[in-house]
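**Student:** All chains should be modelled from the sequences, with the hints used to inform the complete structure.
There are 2 protein chains.
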Amino acid sequence: MKVKEMIQNTAFSTQTLQMPEPLVAHSSQKCLGIHLIAEFWDGKIIEEQKEVERILLDAARRARSTALAISSHKFSPYGITAFVLLAESHISMHSWPEKNYLAIDIFTCGEKTMPFKALEYLKEIYQPKRVEVREIKRGKIR
Amino acid sequence: MKVKEMIQNTAFSTQTLQMPEPLVAHSSQKCLGIHLIAEFWDGKIIEEQKEVERILLDAARRARSTALAISSHKFSPYGITAFVLLAESHISMHSWPEKNYLAIDIFTCGEKTMPFKALEYLKEIYQPKRVEVREIKRGKIR
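Taken in order, these protein sequences are the chains called A and B. For the first sequence, the residue numbers in my numbering are 3 to 144. For the second sequence, the residue numbers in my numbering are 3 to 144.
Treat the hints with care, as some may be off.
Unchecked claim - No farther apart than 27 Å at their CA atoms in a straight line, the calculated lysine-lysine pairs in the DSS-like style are these: (1) A:Lys119 with B:Lys131; (2) A:Lys139 with B:Lys46; (3) A:Lys119 with B:Lys139.
To be verified - One side only, chain A facing chain B, incomplete, derived with CB under 10 Å: (4) Glu41; (5) Gly45; (6) Gln51; (7) Ile72; (8) Ser74; (9) Thr83; (10) Val86; (11) Leu87; (12) Ser94; (13) Ala105; (14) Ile138; (15) Arg140; (16) Gly141; (17) Lys142.
Note that these hints are calculated values from the structure, not bench results. Heads up, the beta-carbon is just placed ideally off N, CA and C, and yes, glycines get one too.
**Tutor:** This is how it looks when you write it as structure tokens:
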């Protein structure tokens, strides 16, 4: 497929979200963040852009985090990339359907957030046959 | 500071970018991605939202990546969070000025991208006194 055809078939979506709850500035929260780096292999392939956005927003809610903005892009012939900017950092997803692979990041900070709940939710949705997860502590103070 | 005051003082910025060059769908690229997870300590504090966006877009260019959208948020009383969605994944930055800490992620895939160039650029800009970098290979095929 020529590059020009790829451009015509791609679709952007970016929106700033209204906050349903008051924003707690992260500067008032404990700053040690948990960053889950997840590799999903051989799961469902979801190519509908708005559905992917809805899934990530649901994941953000499961993590008890506050979504500030969401942005996504659909590639041609296939592949979706998306991120949710959170008050507590971010959730991102990049798909490679031809490899049956999803790169997922769930980075949240603060005492009330539950990144593992977002991870479990995404596993339920995508049903990957193989999952690798690294947990990285961000902002560890010496 | 009450939560309501925090809301009034915060500012969103989200924009979908025009692509200066043809988009190469990442499905046509090698899918092994490099994800740099960088902790910047005790560097410059840059609180101007548009300047932070410009810095991240410059970082994306240094990495020879294609920026699709950028989103940022300024907290009150301080702190900036920002994310650039790339054709090749993403660059993100979350700041904790009160801790003199920046959490930076540079995740790119494909043979032409140069994530370490983006990292070097960000170090030049922020001049952190201490830097910790993890390099994670994403989407390793068995």
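**Student:** Against each hint, give a clear statement of whether it holds in the structure.
**Tutor:** Each hint tested on the structure:
Among the hinted pairs, A:Lys119 with B:Lys131 is inconsistent with the structure: their alpha-carbon atoms are about 35 Å apart, more than 27 Å. Between A:Lys139 and B:Lys46 the CA atoms are separated by roughly 22 Å; this keeps the pair inside 27 Å, and the hint holds. Distance check on the hinted pair: A:Lys119 and B:Lys139 sit about 24 Å apart at the alpha-carbon level, within 27 Å; holds. Interface restraint check for A:Glu41: the shortest CB-CB distance to chain B comes to about 7 Å, inside 10 Å, so the restraint holds.
For the restraint placing A:Gly45 at the interface with chain B, the shortest Cβ-Cβ distance is roughly 14 Å, beyond the 10 Å limit, so the hint is violated. With a cut of 10 Å, the hint placing A:Gln51 at the interface with chain B is violated, because the nearest CB-to-CB distance is about 13 Å. The beta carbon of A:Ile72 is positioned within 10 Å of a beta carbon in chain B (closest approach about 8 Å), and the interface hint is therefore held. With its C-beta approaching chain B no nearer than about 8 Å, A:Ser74 sits inside the 10 Å limit, and its interface hint holds.
A cut of 10 Å between beta carbons decides the hint on A:Thr83: the least distance to chain B is about 6 Å, and the hint holds. A least Cβ separation of about 9 Å between A:Val86 and chain B falls short of the 10 Å threshold, and the interface hint therefore holds. Interface hint status for A:Leu87: upheld, as the beta-carbon distance to the closest one in chain B is roughly 5 Å, under 10 Å. Satisfaction of the interface hint for A:Ser94 is found here, the shortest Cβ-Cβ separation to chain B being roughly 6 Å, below the 10 Å cut-off.
Interface hint at A:Ala105: satisfied, since its Cβ lies 5 Å from the closest Cβ of chain B, which is below the 10 Å cut-off. At its closest, the beta carbon of A:Ile138 sits 6 Å from a beta carbon of chain B; the interface hint therefore holds under the 10 Å criterion. Restraint check, A:Arg140 versus chain B: the minimum CB separation of about 5 Å is within 10 Å; hint holds. For A:Gly141, the interface hint holds, the least distance from its beta-carbon to any beta-carbon of chain B being 5 Å, beneath 10 Å.
A hinted interface residue such as A:Lys142 counts as satisfied when its beta carbon comes closer than 10 Å to some beta carbon of chain B; here the least separation is about 8 Å, so the hint holds.
In terms of the numbered hints stated before, the structure departs from hints 1, 5, 6, listed from lowest to highest.
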